[in-house]
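Okay, here's what each chain looks like letter by letter:
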Amino acid sequence: MNFLSPRLSDLQLITYNQQQKMIWHIAKRELYDNLNSLRFALATVLLLALMLTNAVVYLREHPARTQAYHNAAADAVKALEARSTSLYRLATEGPGGLHKIPSPLRFCAEGDEVFLPKHADGRNYIRDIANLTAVWRMGYPQETPSLHNIRPDFTTLDWAFIVSYVLSFVAILFTFDTISGELERGTLRLTLANSVPRHTVLIGKFLGAFISVNMPFAIAVLMNLLLISTSDAVQLNAGAWGRLGILYAIVILYASLFIALGLLISAAVRESGVSLVVLLLIWVSFVVFMPNTLASIGSRISVPIAYVEFWNQRIRLSDEARAAYQDKYGGSQTKPPVHVLGEYVSKEAEEHERYNEAYLKEQIMQGKRARAITRISPAAIVQRLFESFAGTGFERHLQFIENVQRYAREYREFVVDTDRADPASLHVVGIREGMSQKPVSPEAIPKFKDTLSLNRDFNTAATDLLLLVLFLVVLMSGAYLAFIRLEI
Amino acid sequence: MLKALIGRELLNNLMTFRFAAVLLITLLLVVVNTAVLIQDYEQRLESYNNAVKMHHQELRNSKTYSTAYLFVDRAPNPLSIFNVGLDKRLGNLTGIYHGFVPTLWDAQMHGTDNPFIAFFSSIDIVFVFEVILSLMGLIFAYDAIAGERERGTLRLVLAQPIRRGQILLAKYISAMACLLVPLILSLLFALLLLTRSIPLSTDDFLRIAGIVFTSFAYLSLFYLIGLLISVATRRTGTALMLAMFVWGFLILVYPNLIRATVNPSADVQERTKTAKNQIQQIVDEYERERKKFLENKSVIGDASQFIEAVSLYTDAHVDSVTLSPYLENMSLISEIPPDFEKYVPIAKKYYSFVEPLATNAADKAWLVQKQALDDIFVRQAVMDRALLKLSPVGIYDAATQAWAGTDLLGLRDFFDATRRYRRVVIDYLYATDAFSSREWFVADKGPVDWSTLPRFTFERRDVGTNAKRALPDLFLLLICNLVLFMGIVLIFIRSEV
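Those sequence lines, one after another, are chains F and A. Numbering that gives the first Met the number 0 puts the first residue of the first sequence at 0, with every later residue one more than the last. Numbering that gives the first Met the number 0 puts the first residue of the second sequence at 0, with every later residue one more than the last.
If you are wondering where the hints come from, they were derived from the structure by calculation, not from laboratory data. Just so it is clear, the structure is predicted and the values come from calculations on it, not from any experiment. Careful, some of the hints might be misleading.
Covered stretches of chain F (chain A as the covering partner; in silico rule of three or more C-beta atoms under 8 Å from a C-beta of chain A) [claimed, not checked]:
#, stretch
1, 25 to 39
2, 109 to 116
3, 157 to 169
Stretch-level coverage of chain F by chain A, calculated; a stretch enters the list once three of its residues show a Cβ under 8 Å from a Cβ in chain A [claimed, not checked]:
#, stretch
4, 271 to 285
5, 292 to 299
6, 341 to 352
7, 355 to 365
8, 413 to 421
Even for Gly, the Cβ is constructed at its ideal location relative to N, Cα and C.
Model the full assembly from the supplied sequences, consistent with the hints where possible.
Written out as structure tokens, the structure is:
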């Protein structure tokens, strides 16, 4: 027994090496077949054209976008510093406009960036309440650009679109006949007549398809990045390149998913014509229709009121507050004490802000519900992942809102603390006589800084990544089973 | 002979797996999406009805003429289920005021307008057809000739005394007969769902018939594209790849590519600026005349005292995006001052002088505005549409939008109606002598009686107008069909078997 074991392991080693060789052999053959085919040429041209357009459009639009952001942010800081003449002005007029920094990776995924507001407002935008100046509150403006837009609908040609639609389509076209085609031609019988295990053939075919799908894409991506990185208009930092690396990994996962699907159907259906029809129908339903249809079903679960109605209700609310003040103090000749007034103005602002935030929350909830249900479709998952790692779209906007709310707290604390530091003050925030009269140094005022954190992006993306891997594993094992049980 | 050929082809097509799969998926997609769209339509209709009720109530609550703001709402179009077009996107609520001319761009939105779900486009029936019918046409066509050539059956058929054109015709007729099954069946299901919850008029059914016919032309065009590829290539594999990439390019890539590369023209800002200046001049002139009247001591007396007594609020500005002038004059009287009666005749004179002035200024500005808005907003969209028509999808989309009345012209009809209604309201105000009445600015002798004011009504244009708008695109589709078919016949006659 003892002398047999080394031989056995030798044998295993040999077969292992042979197997590896065999895999490469099959992969190479597959690759050569594909490289010479029409589809490879067409896919390369298509992907290249799309990626180049993407880069050109991005380079045309991005500098203006960043410039607009920097101008707006600088103006906001200037306006804020101009208010530093008195603490009272800071307490009533607020921090002003808070602007969202545009992501340099917008060419990867534009998401719903066009529809989202680019700023939030911390100012005092309501009429004075009976000779009292109101205190600032956070407001979340709503931009509805489509209200003025009569141009035809379209999807931005970002990486997310190119990957989720075009690359998956290409992957299907490359794989629909890998097994059924050979079955029809009879070459599969030949291959399997050699002592090659079936899974080796499958892995070889997978690798071959994988490389031939990824090659045109890699060429296109490299051209795209070359154009973008050589341009002076945009500078991508180390963080951005890291994110691009993650995005590429997602592309690989997603492409593998569709290749596995192609192998599965190709093995299960036996006829290339039928296999293509099945694949196309699956593709159309999951990639084209499902994300939108499911989202419109999901968004119907909870529908917030329209912005116009919200706006009217809010006006009614502040009218009520004004009327309540009139009823209480309007008739009397003497002005009520300072702390009563202070409490009144800050309560009014607080309620107003709470109302704004409640509405925003409802809107976000609807957005979240609509998105959650689309996770059945891998295309929607990839869209979300691209958005989270490119720092654009919905999740990014939620981060921005969090940043804004944190800053608003910070700003309020700053006003209160500065007021407390002055012993001469009555500590009634929001009323001129009740506050510190000392000037404030403009440098000491906290400034809003919008940030993007990769940690958080990983957190939000983890579920989606896991789902994508799960889909891949299921499809891979499906393809394996279908191929093993295939009768030739 | 032709009959025999058609019979054979029909049988060949009907018995395939692809036919069953395509039928199933079309039915599924159309039915699911129709159900979603009907719900959506009902929700929009409810929001419209609420808005109408609310605005009616608001008007009845307005005690004086000058503080009243009339709102007009646009009802959702039931045919937006077929092609939503601009129906859900553009504003559906606009104000009517004599010192302001409503345009498409001033309208606001009632109903859902959450920016966080704006990303998901609504899938209408025409979109389903755009994607599925084209794919179907190509899948049925790619091996029609190339397959027979490979199998050698083409040679057999041609050995018979048949003309080549006849073979093509037989293939075309039988394939279209097959492809019509999923189209008609899914539409019947959709109509079944539709008529159960939404009342449709005879005109609507005619419009739907127009949409169906256009869909048919679109389907046929893609079948012919597939046939052309099939005739021109010798192998099914090549034909299939070409067909798929042509599909990907025409449906997926081209419509988006063209929108991305066409840059919104830079001179828009310049155009906006000049138009705004022109309108600002009109507004300034109005303001000058108004102030001149206020300074007229023999009529007004002391202007500031007058303004305070009737608590006059005025606003005259030009919107920087929509270029609309807002010329407002109103008395926000909360408490009537003791010597108010003294100012009543003066206020009557003031308003009966100023309000016609504001009306005329707004009318004058509209002449400038119309031209400018066309240049700023419409020209770009028209150019986009024209470029989109290089792909059959663009033609199909434009034609079905025109049938459904959700295209730009259909929406413009509504805004033309709002402007006509503004005229009606102004005429009503003149007829009731409202400008020089006491109720214009104060309600102490009883509020305004709004019951005689004509209500706003809007009827969509008749189906003839829809047809007139849709026919050019439909003819374009039909011409493409004919040209392609002739091209195919020519290539097939000259090709070797």
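8 Å C-beta criterion, at least three residues: is the stretch 413 to 421 of chain F covered by chain A = With 0 residues close enough to chain A, the hint is violated.
Take the stretch 355 to 365 of chain F, compare each residue's beta carbon with every beta carbon of chain A, and decide whether three or more fall closer than 8 Å.
-> With 3 residues close enough to chain A, the hint holds.
Outcome, coverage of the stretch 292 to 299 of chain F by chain A - at least 3 residues whose beta-carbon is closer than 8 Å to one in that chain = holds (count 6)
For the stretch 341 to 352 of chain F, do three or more residues have a beta carbon lying closer than 8 Å to a beta carbon of chain A?
-> Our answer is that it is violated, as 0 residues pass the Cβ test (under 8 Å) against chain A, missing three.
At a Cβ distance under 8 Å, does chain A reach at least three residues of the stretch 25 to 39 of chain F?
-> Coverage by chain A holds here, the residue count being 3 at a Cβ distance below 8 Å.
Can the stretch 157 to 169 of chain F be counted as covered by chain A under the rule of three residues or more with Cβ-Cβ separation shorter than 8 Å?
-> holds (count 4)
Go check the stretch 109 to 116 of chain F versus chain A for me, would you? Three or more residues, Cβ under 8 Å, otherwise it fails.
-> With 5 residues close enough to chain A, the hint holds.
Check whether three or more residues of the stretch 271 to 285 of chain F sit with their beta carbon closer than 8 Å to a beta carbon of chain A.
-> It holds: at least three residues are needed, and the stretch 271 to 285 of chain F offers 9 whose Cβ sits within less than 8 Å of chain A.
Of the numbered hints stated above, those contradicted by the structure are hints 6 and 8, listed in ascending order.
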